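We have chain A; now place chain B onto it with these hints.
Number of protein chains: 2
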Amino acid sequence: MKLAPVYKSLSMHPDIDQIIVHTGQHYDQMMSSHFITELEIPQPNFNLQVGSQKPLIQFAQILVGLDEIFETEKPNLVIVYGDTNSTASGAIAAAKSNISLAHVESGLREYDKSIPEEINKLLTDAIADLYFAPTQTGYDELIRCGKNEGVYNVGDVGLDLINNNAQKIIKAERILEQYGIDPNHYVFMTCHRQANTDDVHKLKQIIEAANQFEERIFFPAHPRTSKAIKAFSLEGLLDKSKWIITGPIGFFETQALIKNAKCCLTDSGGVIKESYFHKTPAIICDKQTEWIETVKEGWCTVTGPDKKKILQVYKNLDSKNYIHNNSLGEGDASKKIAEIIVNYLQQKKHEV
Amino acid sequence: MKLAPVYKSLSMHPDIDQIIVHTGQHYDQMMSSHFITELEIPQPNFNLQVGSQKPLIQFAQILVGLDEIFETEKPNLVIVYGDTNSTASGAIAAAKSNISLAHVESGLREYDKSIPEEINKLLTDAIADLYFAPTQTGYDELIRCGKNEGVYNVGDVGLDLINNNAQKIIKAERILEQYGIDPNHYVFMTCHRQANTDDVHKLKQIIEAANQFEERIFFPAHPRTSKAIKAFSLEGLLDKSKWIITGPIGFFETQALIKNAKCCLTDSGGVIKESYFHKTPAIICDKQTEWIETVKEGWCTVTGPDKKKILQVYKNLDSKNYIHNNSLGEGDASKKIAEIIVNYLQQKKHEV
Numbered sequence: 001m002k003l004a005p006v007y008k009s010l011s012m013h014p015d016i017d018q019i020i021v022h023t024g025q026h027y028d029q030m031m032s033s034h035f036i037t038e039l040e041i042p043q044p045n046f047n048l049q050v051g052s053q054k055p056l057i058q059f060a061q062i063l064v065g066l067d068e069i070f071e072t073e074k075p076n077l078v079i080v081y082g083d084t085n086s087t088a089s090g091a092i093a094a095a096k097s098n099i100s101l102a103h104v105e106s107g108l109r110e111y112d113k114s115i116p117e118e119i120n121k122l123l124t125d126a127i128a129d130l131y132f133a134p135t136q137t138g139y140d141e142l143i144r145c146g147k148n149e150g151v152y153n154v155g156d157v158g159l160d161l162i163n164n165n166a167q168k169i170i171k172a173e174r175i176l177e178q179y180g181i182d183p184n185h186y187v188f189m190t191c192h193r194q195a196n197t198d199d200v201h202k203l204k205q206i207i208e209a210a211n212q213f214e215e216r217i218f219f220p221a222h223p224r225t226s227k228a229i230k231a232f233s234l235e236g237l238l239d240k241s242k243w244i245i246t247g248p249i250g251f252f253e254t255q256a257l258i259k260n261a262k263c264c265l266t267d268s269g270g271v272i273k274e275s276y277f278h279k280t281p282a283i284i285c286d287k288q289t290e291w292i293e294t295v296k297e298g299w300c301t302v303t304g305p306d307k308k309k310i311l312q313v314y315k316n317l318d319s320k321n322y323i324h325n326n327s328l329g330e331g332d333a334s335k336k337i338a339e340i341i342v343n344y345l346q347q348k349k350h351e352v
Numbered sequence: 001m002k003l004a005p006v007y008k009s010l011s012m013h014p015d016i017d018q019i020i021v022h023t024g025q026h027y028d029q030m031m032s033s034h035f036i037t038e039l040e041i042p043q044p045n046f047n048l049q050v051g052s053q054k055p056l057i058q059f060a061q062i063l064v065g066l067d068e069i070f071e072t073e074k075p076n077l078v079i080v081y082g083d084t085n086s087t088a089s090g091a092i093a094a095a096k097s098n099i100s101l102a103h104v105e106s107g108l109r110e111y112d113k114s115i116p117e118e119i120n121k122l123l124t125d126a127i128a129d130l131y132f133a134p135t136q137t138g139y140d141e142l143i144r145c146g147k148n149e150g151v152y153n154v155g156d157v158g159l160d161l162i163n164n165n166a167q168k169i170i171k172a173e174r175i176l177e178q179y180g181i182d183p184n185h186y187v188f189m190t191c192h193r194q195a196n197t198d199d200v201h202k203l204k205q206i207i208e209a210a211n212q213f214e215e216r217i218f219f220p221a222h223p224r225t226s227k228a229i230k231a232f233s234l235e236g237l238l239d240k241s242k243w244i245i246t247g248p249i250g251f252f253e254t255q256a257l258i259k260n261a262k263c264c265l266t267d268s269g270g271v272i273k274e275s276y277f278h279k280t281p282a283i284i285c286d287k288q289t290e291w292i293e294t295v296k297e298g299w300c301t302v303t304g305p306d307k308k309k310i311l312q313v314y315k316n317l318d319s320k321n322y323i324h325n326n327s328l329g330e331g332d333a334s335k336k337i338a339e340i341i342v343n344y345l346q347q348k349k350h351e352v
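Which chain is which? The protein sequence lines are A and B, in order. If you read the first sequence in this note's numbering, its first letter stands for residue 1, the second for the next number, and so on. If you read the second sequence in this note's numbering, its first letter stands for residue 1, the second for the next number, and so on.
Only chain A is shown next, with the shape it has when bound in the complex (with noise of 0.2 Å):
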């Protein structure tokens, strides 16, 4: 998905020739091609098609997948996105191939190794060659860590998506009338990381607080939620005049969904920097976020799946008091990745 504004920015430069690697690792392929069509993005030069499995497996079969792709296809460059096991997996077959990597959402850290993601992107931001910081904190880490060379902070990505999209996501918003919500009066919650949804009590305190809250609540729940509510038994909590539950929805349709909440309720980074971005404010039910600029400027709370805390934040909501500095970038992150990208080639070429 963080893929696609940079795709199209580096379209621009004819000298680039582009392939996509597709993983094949997120958890619904179904949703992965479904954000393909949505996003324009040309169809996947290679799928390694490697599924839902143990990480460890994943990266083993994306590095010999890559390993054969990288032979054949000879990349000057790589460029990762985000902290997934692709993400590490693709920057670690392109370091010991010794070709030039770039990482895209770099530098973001919760300081805690039992996260998976953590570790992602600890390895990537080892071996890179081009950091793209989308905020001041990333960049401000990575000079901590003693790279001297090849850092940028750019914004994030994700609001060049949005922007790019800004006429498809005000389209999207008849999913309001559809679902017979208002603007503001609605409250989006997305909750699907595992230190929530394997813990029955954690899981508990986050849908009791949201049953106190005044509005209805649109959840699309993630697969692993979903199962998780079955095998807890929390059905009886799931009032239908007030929970509007669904399976995973696109991408435009979770835009204008957050763009019209009142506020968000979500253990998520993509929900808590998108939050921002549409201005609505959102109570952060997990240990912590990377997204610390959200926090500061009082858009973003963290509350943990905490149910006094959570109510106490949302009782105190107060939108037009919270400053916004635009600390996410500007919507031009992926041009000046493209620019940097391209200059960065020419200047190897010119060593060779």
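Just so you know, the hints here were simulated from the structure itself, not pulled from any lab data. Because the structure is a prediction, the values reported are computed rather than measured. Be a bit skeptical, because a hint or two may be false.
With a straight-line Cα cutoff of 27 Å, these simulated DSS-like cross-link-like pairs (lysine-lysine) come out [as the list claims (entries may be wrong)]: (1) A:K307 <-> A:K287; (2) A:K113 <-> B:K227; (3) A:K54 <-> B:K54; (4) B:K230 <-> B:K287; (5) A:K349 <-> B:K202; (6) A:K113 <-> B:K309; (7) A:K147 <-> B:K348; (8) A:K113 <-> B:K240; (9) B:K296 <-> B:K147; (10) B:K349 <-> A:K287; (11) A:K147 <-> B:K287; (12) B:K113 <-> A:K74; (13) B:K336 <-> A:K113; (14) B:K113 <-> A:K348; (15) A:K348 <-> B:K54; (16) B:K240 <-> B:K227; (17) B:K113 <-> A:K287; (18) A:K349 <-> B:K287; (19) B:K113 <-> A:K147; (20) B:K349 <-> A:K202; (21) B:K113 <-> A:K349; (22) A:K279 <-> A:K307; (23) A:K147 <-> B:K296; (24) B:K147 <-> A:K287; (25) A:K54 <-> B:K348; (26) B:K54 <-> A:K74; (27) A:K204 <-> A:K308; (28) B:K348 <-> A:K202; (29) B:K202 <-> A:K348; (30) B:K113 <-> A:K113; (31) B:K74 <-> A:K113; (32) B:K287 <-> A:K348; (33) B:K113 <-> A:K336.
Sample of chain A residues facing chain B (criterion: CB under 7 Å; computed from the structure) [to be verified]: (34) A60; (35) D67; (36) T246; (37) P248.
Covered by chain B, according to a simulated footprint, are these stretches of chain A (three or more residues, beta-carbon under 8 Å) [to be verified]: (38) 93 to 105; (39) 117 to 129.
All residues carry an ideal CB built from backbone N, CA and C; glycine is no exception.
What follows is chain B alone, placed relative to chain A:
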């Protein structure tokens, strides 16, 4: 090999159960099991039999192999050594499995990502919990890169290995007699870096420089180097009255030969530090070394594969004027490592 002294030190602690996993990455299986016998390490509990393959395939196989072992053995901590593909993939397997990770020989850098080992170092040091640097330079690098916990300068375990086996090394000195060479009247040479073996010009410069030494040259040739010599038809340069060329030799014989040589000519990190331990000067026919202290104190000099420079350094060898600050430790690295690991595990147990 580096495992031997640490294994021995950890064995002194009755609470610690150790499991040895041999990845089989060594190019020469015979050499590897030869070492195991020589160093009195128990036979490995597991052998992944990865063998000589492309790096990413080795990574993939080690990740899959360790995933299974970790699942059944459930170790509390994994120790990795040095900077091989086994080191990095072992580290990744541990970190992704949320198992504590200790890196022995941590913090060393050559600041050149085209060296495959450099990528392994960077990956491993990105995700370790305990960092055992062999030198102050290694320690300082880890601090510079923002590590603020678990970083120790313990010295190099290689010295422990030599100290623990001093008698065996003295016995092994009979190799000099066997080959008819006298202490201080031969040069010990090794050459195995791909940068040198893959380039006829570089390999020739090194051999031609050695040909101008006054002494005979004892040269245990790495299989890759033997192959290159044949492929480049350089056999004519290797006069038998001057050159003693053997296959791989045992660890104790190697130490005996380094100890008694007039000097070493080498591109091996191991031989560089072992020269320093034995107070034998070394000429480094590699672009750089990570063992900065050995250079600063005069014992080792980096010449690269440059005939003129090699001969210049050779003519000016003057070991009486070099200082020796025991900058690679006091031979108690493995004892320190064992104590730190035991404390770490105890503390972790209390935290749970």
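Would you pick out the hints that fail for this structure and give their numbers low to high?
-> 2, 6, 7, 8, 17, 36 and 37
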